[in-house]
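Engineer: With the sequences and hints as input, model every part of the structure.
In order, the protein sequence lines correspond to chains A and B. Residue numbers for the first sequence, in the working numbering: 1 to 251. Residue numbers for the second sequence, in the working numbering: 1 to 251.
Read the hints as simulated data drawn from the structure, not as lab findings. By construction, the Cβ of each residue, glycine as well, lies at the ideal position given by its N, Cα and C atoms.
Quick list of in silico lysine-lysine cross-link-like pairs, DSSO-like style, CA-CA up to 30 Å: (1) Lys57(A) to Lys85(B); (2) Lys231(B) to Lys241(B); (3) Lys57(B) to Lys194(B); (4) Lys54(B) to Lys25(A); (5) Lys85(A) to Lys25(B); (6) Lys25(B) to Lys57(A); (7) Lys135(B) to Lys231(B); (8) Lys54(A) to Lys25(B).
Each pair of labels, with its calculated beta carbon distance range: (9) Asn238(B) to Met237(A): 44 to 54 Å; (10) Glu186(B) to Gln145(A): 48 to 58 Å; (11) Ser64(B) to Arg117(A): 40 to 50 Å; (12) Asn238(B) to Pro46(A): 44 to 54 Å; (13) Glu207(A) to Gln230(B): 27 to 37 Å; (14) Ser129(A) to Ser129(B): 46 to 56 Å; (15) Lys194(B) to Met237(A): 43 to 53 Å; (16) His84(A) to Asn223(B): 39 to 49 Å; (17) Ser64(B) to His10(A): 29 to 39 Å; (18) Asp122(B) to Asp122(A): 43 to 53 Å.
Stretch by stretch, here's where chain A covers chain B in the computed footprint (C-beta under 8 Å, at least three residues): (19) 25–33; (20) 65–71; (21) 74–81; (22) 89–96; (23) 159–173.
2 protein chains.
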Amino acid sequence: MRNMSKQPAHRWGPSLHSSRDETPKTLAGRVAQQLRRDIIRHQLTPGERLQFEKLSKRYEVGTSPLREALFQVAAQGLVIAEDHKGFVVAPIHFDEMLDVSNLRANLEAYAIRGAIRDGHEDWEVDLLSAFHRLKLAGIAVSADQEDEGRRTEWEDRHREFHYALCKGCGSPWLLHFFDELYDHMERYRRYFWKYAERAVAADGEHEAIMKAALDRDEERAVNLLQAHFQKQARLTMNLRKKVERATAAAS
Amino acid sequence: MRNMSKQPAHRWGPSLHSSRDETPKTLAGRVAQQLRRDIIRHQLTPGERLQFEKLSKRYEVGTSPLREALFQVAAQGLVIAEDHKGFVVAPIHFDEMLDVSNLRANLEAYAIRGAIRDGHEDWEVDLLSAFHRLKLAGIAVSADQEDEGRRTEWEDRHREFHYALCKGCGSPWLLHFFDELYDHMERYRRYFWKYAERAVAADGEHEAIMKAALDRDEERAVNLLQAHFQKQARLTMNLRKKVERATAAAS
DNA sequence: CATGTCAAGATTTTCGAAAATCTCTTTCTG
DNA sequence: CAGAAAGAGATTTTCGAAAATCTTGACATG
Numbered sequence: 001m002r003n004m005s006k007q008p009a010h011r012w013g014p015s016l017h018s019s020r021d022e023t024p025k026t027l028a029g030r031v032a033q034q035l036r037r038d039i040i041r042h043q044l045t046p047g048e049r050l051q052f053e054k055l056s057k058r059y060e061v062g063t064s065p066l067r068e069a070l071f072q073v074a075a076q077g078l079v080i081a082e083d084h085k086g087f088v089v090a091p092i093h094f095d096e097m098l099d100v101s102n103l104r105a106n107l108e109a110y111a112i113r114g115a116i117r118d119g120h121e122d123w124e125v126d127l128l129s130a131f132h133r134l135k136l137a138g139i140a141v142s143a144d145q146e147d148e149g150r151r152t153e154w155e156d157r158h159r160e161f162h163y164a165l166c167k168g169c170g171s172p173w174l175l176h177f178f179d180e181l182y183d184h185m186e187r188y189r190r191y192f193w194k195y196a197e198r199a200v201a202a203d204g205e206h207e208a209i210m211k212a213a214l215d216r217d218e219e220r221a222v223n224l225l226q227a228h229f230q231k232q233a234r235l236t237m238n239l240r241k242k243v244e245r246a247t248a249a250a251s
Numbered sequence: 001m002r003n004m005s006k007q008p009a010h011r012w013g014p015s016l017h018s019s020r021d022e023t024p025k026t027l028a029g030r031v032a033q034q035l036r037r038d039i040i041r042h043q044l045t046p047g048e049r050l051q052f053e054k055l056s057k058r059y060e061v062g063t064s065p066l067r068e069a070l071f072q073v074a075a076q077g078l079v080i081a082e083d084h085k086g087f088v089v090a091p092i093h094f095d096e097m098l099d100v101s102n103l104r105a106n107l108e109a110y111a112i113r114g115a116i117r118d119g120h121e122d123w124e125v126d127l128l129s130a131f132h133r134l135k136l137a138g139i140a141v142s143a144d145q146e147d148e149g150r151r152t153e154w155e156d157r158h159r160e161f162h163y164a165l166c167k168g169c170g171s172p173w174l175l176h177f178f179d180e181l182y183d184h185m186e187r188y189r190r191y192f193w194k195y196a197e198r199a200v201a202a203d204g205e206h207e208a209i210m211k212a213a214l215d216r217d218e219e220r221a222v223n224l225l226q227a228h229f230q231k232q233a234r235l236t237m238n239l240r241k242k243v244e245r246a247t248a249a250a251s
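Structural biologist: Structure follows, in structure tokens:
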């Protein structure tokens, strides 16, 4: 029930790593998942060195599967590999966050256009239910801003909503890029949890986008989507200044 | 001289794997490069099983660096990993080629817009010289259609031209995706070498795009670019029918 | 005092063999 | 004869130790 993704609509194209329910059958795969998760959730902090001995103990694997996992995650940019010097959790760069956000805006606009043209019944249904879940999660969060579990739940629902928007476009490559970018975006968003006093629950915007999409109104949907991204980016860049003042004051 | 890429304009963002001149200092990195190259050039054929014993001999490495290399290339989609069953060269799917082409059109349009807005002197100069090299390579190819070396040279110049177009946009993430997609596109293009009687040298189109970009005429540049992609896609889809007839007749 | 060299220790990378999993054939059963 | 079960062989995955590379700090040199 939790996994709406069914089987991949096509049997070609790049594979998505975010199907969190299907457990990999190899150690390397399992560790890659854990690494991604821990990095996105800041269990491993930006810039941190990833030494084999430590990670070996942490994940209870030998060096071979560990290295393989690190290379997988490095290909996605969440960790950085330097020959003969080891691996490092990708550092935080506010400019990069903006880059990721802009690119996401462009890619999701492309996707939503395709989905509005080609999306079938399944797409509509999944989108509707994804939004509903997102709304419920938003209500839960606003009831208790401090509950980390609820925020995490909201993050997952938020991702699935945007994914549901894009899914109808029928482009496996786009969905692949969506996946990679979203991981980074989520990491950045979580970075600000510490500083933001409130979660930015823009359910109104989400609903408007969804309705435009279901009305098959391409221009309206895209405009709303772009506005959504711009607003989020603006909000986050305000936080950025706040963070920079905070870290400057601390030193 | 050959490498125009200088240092990456930013020191954040995902790393590009196509800087072919800088030799990796580890075996795993070297083998990853070789694998990519061999797959793109069809030294390893689509769908082929990649067994460790064979590859170990071929590239003269042990299993550890080999696996690491395979995972790197798998993350890019050029090979496919299946747990406990091994690795396979990604099969050819014409629908995927179309997907890649459409996405490239969208991404490069996004990039060219950014480059026209933000591109500096370096961008203009690099673009100009990239085009000139492309033109020369095109002349060399048309002098001898069968010369594989010249075609390969043209492929490299073609990639560099499109890369030069995008480079000014200042988005490392976009350039990263460009890279990944271009590898796939090149593999598909080379797949048709066998069937196409002539290389499609659309230098006129390239020149027009470049001029529009240097004139900082966003709309004109994007329109020409989109037309360029559409034309190429159309040409290739015609070849597709031809290939499908040919392979159907063969069986 | 700045700078370069070298060795010891720490860390990463690679190898080769052991363990785990899959594949294919054979055999058994209904 | 169809289909399930079992075992041998092939292949992938994982481990642990050896080899290669990097880092640090002491020492020498200009």
